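Work out the full structure, taking the sequences as your base and the hints as a guide.
For the protein sequence lines, the chains are W and Z, in the order given. The first sequence lines up with residues 1 to 132 when you count with the working numbering. The second sequence lines up with residues 1 to 405 when you count with the working numbering.
By construction, these hints were calculated from the structure, which means they are not laboratory data. Owing to the predicted nature of the structure, the values given are computational and were not obtained by experimental measurement. You may find that some hints are simply not true.
Unchecked claim - Below, in silico cross-link-like pairs of lysine to aspartate or glutamate (EDC-like), each with a Cα-Cα straight-line distance of 20 Å or less:
#	chain 1	residue 1	chain 2	residue 2
1	W	120	W	130
2	Z	31	Z	45
3	W	107	Z	179
4	W	39	W	63
5	Z	173	Z	272
6	W	52	Z	9
7	Z	203	Z	190
8	W	39	Z	272
9	W	107	Z	178
10	W	39	W	56
11	Z	173	W	91
12	W	131	W	91
13	Z	203	Z	331
14	W	57	W	45
15	W	65	Z	272
16	W	17	W	29
17	W	121	W	91
18	W	65	W	29
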Amino acid sequence: MSNLETENKEGNPLTIKEFQEGIHQGRIEGYRCKNCGHKQIDIIDFCPVCHKSALEKVEFAKEGKVLTYTIQLVAPEQFMNEVPYAWAIVELDDGPKITGWIPFISKASDLPVGQRVRFKKSYLPGIVFEKI
Amino acid sequence: MPSILILRDNQYDPQYRNMRDVFVLGAGTTKYGKSHLSARELALEASKKALVESGIEPTDVQAGFIANAFSLSEKQGHLGPIIMSGLGIADVPASTIESACSSGASAIREAWVNIGAGIYDCMLVTGVEKVSQLDTITATTYFSFGSDYIFEGACGASFPGLYGSIARAHMSKYGTTEEQMANVSVKNHENGMLNPNAHFHKKITVDDVMNSIVVASPLKLYDACPFSDGAASAVLCSEGFMLKMNGHASEAIKIVASGRAGGTGALHQRPDLTTLNAAVLAGREAFKQAGLAPKDIDFLEVHDCFTIAELVALEDLGFYPRGEAAKATQEGQTRINGETPVNPSGGLKAKGHPVGATGVGQVVEVYEQLNSRAGHRQVKDARIALTHNVGATGGSCAVHIFEKN
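The structure is reproduced here in structure tokens:
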């Protein structure tokens with residue numbers, strides 16, 4: 001018998017489809033935990049910090065800074081015509097981290113760690129950022 | 001802002017009550033590299049070698065685990081019954097264990113659990129991978145399926161790209177240099193030259209690594225392990241079964257610890273990108289179980305899928321303080337004759353990385369080394385060895401410690 005308390009009886013407040021539609025329409029959506037306030041961009045049903053299932057859907061800032069990145073010269077199928085580009089981990093200004101790619105980055109001097117970047121609505125695949 | 005905890009207050013501490021001792025009775029491997037054989041054929045070749053090394057017949061095998069990640073690329077799933085049938089024992093249960101690149105160690109771990117718990121006395125663990133039929137782009141795509149695909153693969157990250165971002169984070173936090181990472185590759189190629197089953201037999205220099213083509217900066221082609229075909233197999237058994245094996249019992253090695261842990265699938269959910277939390281936890285559990293510390297380990301086989309991964313492994317397992325494995329490698333401390341020999345087999349970099357086989361292949365190397373049968377790459381007086389096998393970028397990790405009496 002589970003004594004699990006959940007506020008999300010209707011299931012996950014943000015599906016993958018909704019997340020990806022949001023990206024195509026220019027929104028970064030994710031979760032905020034109503035119990036402890038933790039913010040995360042992911043597909044989850046439980047908070048990794050307080051372990052409660054009380055997540056709500058929220059929209060996050062479009063700007064942030066690059067924490068680390070790679071410059072892809074050999075890429076998976078979907079991206080083979082886009083090389084070279086940077087794939088980066090970005091910390092958004094309101095806290096959570098997200099991944100994305102930045103077209104036309106070919107050398108490390110183009111993108112210092114800490115570079116400010118902005119999420120860009122795009123018809124390209126994945127989550128696209130540009131340098132500010 | 002709260003961050004994801006590295007160690008939860010209520011983290012479960014596994015209990016190994018009444019576990020029996022478990023031994024590796026024998027182990028064998030195919031050559032790693034490009035093969036014209038299919039996964040099922042490679043698996044049979046390695047399994048047969050392990051059975052011969054153990055001095056047993058297929059009919060002595062009571063159950064099996066197959067470690068494999070990409071057999072669907074050959075249009076073949078459900079490898080267990082295929083391989084058991086090939087050994088003439090179709091009635092013996094076998095299922096596939098998949099945890100990306102750590103499938104091999106996970107399968108060893110589960111066989112250890114089954115035998116330790118007294119369910120079986122003799123199990124066959126065979127790891128296998130066949131990917132050379134795929135072109136580089138398709139193989140790169142398959143490997144990206146091991147990431148948190150929505151956020152990583154589908155946003156343009158390849159596997160080298162994910163480790164490239166770990167490398168850049170390590171460089172910016174600890175000042176690790178590309179030349180220092182290159183030293184890992186040079187050392188592992190040097191060891192691979194001495195391993196007849198290695199994918200590469202080619203001596204390389206730091207300049208060769210630095211001048212090789214960039215795959216996912218800062219990682220270059222010679223920072224990366226190859227896509228390899230190959231299989232490795234081990235027979236695990238209880239003490240009672242081993243003692244009935246007369247001559248072969250003298251070559252058995254004892255599994256003195258088996259630790260494992262998980263981590264987030266996606267890199268961006270981690271508070272620190274210079275460490276794999278799963279490896280820290282799995283290592284800690286293994287050392288605790290064995291009652292040993294890094295100083296007691298005579299040599300290690302670690303998961304060097306990329307040069308940076310070997311440095312991070314040595315720091316995660318506590319062999320060197322954070323940021324200091326690069327310097328130690330540069331000084332030669334991790335060479336076969338150094339104070340902490342790492343990857344005498346050539347590691348994933350030079351021996352090769354047939355994904356499902358890799359973790360079982362590490363056990364084959366330990367078996368040969370601890371029985372003083374490793375030829376020119378023999379680590380002198382090796383008695384206790386550790387294996388470290390990582391799934392993807394650390395979503396899973398298993399660490400084992402072995403001892404020969």
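> Is the hinted pair residue 121 of chain W and residue 91 of chain W satisfied, with a Cα-Cα distance of at most 20 Å?
Replying inline: Within the cut-off at roughly 18 Å; holds.
> Is residue 131 of chain W close enough to residue 91 of chain W, meaning Cα to Cα at most 20 Å?
Replying inline: The hint holds at about 14 Å.
>> Can you confirm whether the C-alpha distance between residue 17 of chain W and residue 29 of chain W stays at or below 20 Å?
In response: holds (11 Å)
> Is the straight-line distance between the alpha-carbon of residue 39 of chain W and that of residue 56 of chain W 20 Å or less?
Replying inline: holds (10 Å)
>> Tell me if the straight-line CA distance from residue 65 of chain W to residue 29 of chain W falls inside 20 Å.
In response: Roughly 18 Å between the alpha carbons, so the hint for residue 65 of chain W and residue 29 of chain W holds.
> Taken at face value, is the distance from the CA of residue 272 of chain Z to the CA of residue 65 of chain W at most 20 Å?
Replying inline: holds (16 Å)
> residue 107 of chain W and residue 178 of chain Z: Cα distance at most 20 Å?
Replying inline: Distance ~15 Å between residue 107 of chain W and residue 178 of chain Z Cα, so the pair holds.
> Under the criterion that the straight-line Cα-Cα distance not exceed 20 Å, is the pair residue 39 of chain W, residue 272 of chain Z satisfied?
Replying inline: holds (17 Å)
> Is residue 31 of chain Z close enough to residue 45 of chain Z, meaning Cα to Cα at most 20 Å?
Replying inline: holds (10 Å)
> For the pair supplied as a hint, residue 120 of chain W and residue 130 of chain W, is the alpha-carbon distance within the 20 Å limit?
Replying inline: This hinted pair holds, its Cα atoms lying about 7 Å apart.
> Straight-line Cα separation of residue 39 of chain W and residue 63 of chain W no greater than 20 Å?
Replying inline: Cα-Cα ~16 Å, so holds.
>> Does residue 9 of chain Z sit within 20 Å of residue 52 of chain W, going by the straight-line distance between their CA atoms?
In response: Roughly 15 Å between the alpha carbons, so the hint for residue 52 of chain W and residue 9 of chain Z holds.
When the structure is compared with the earlier hints, no violation turns up for any of them.
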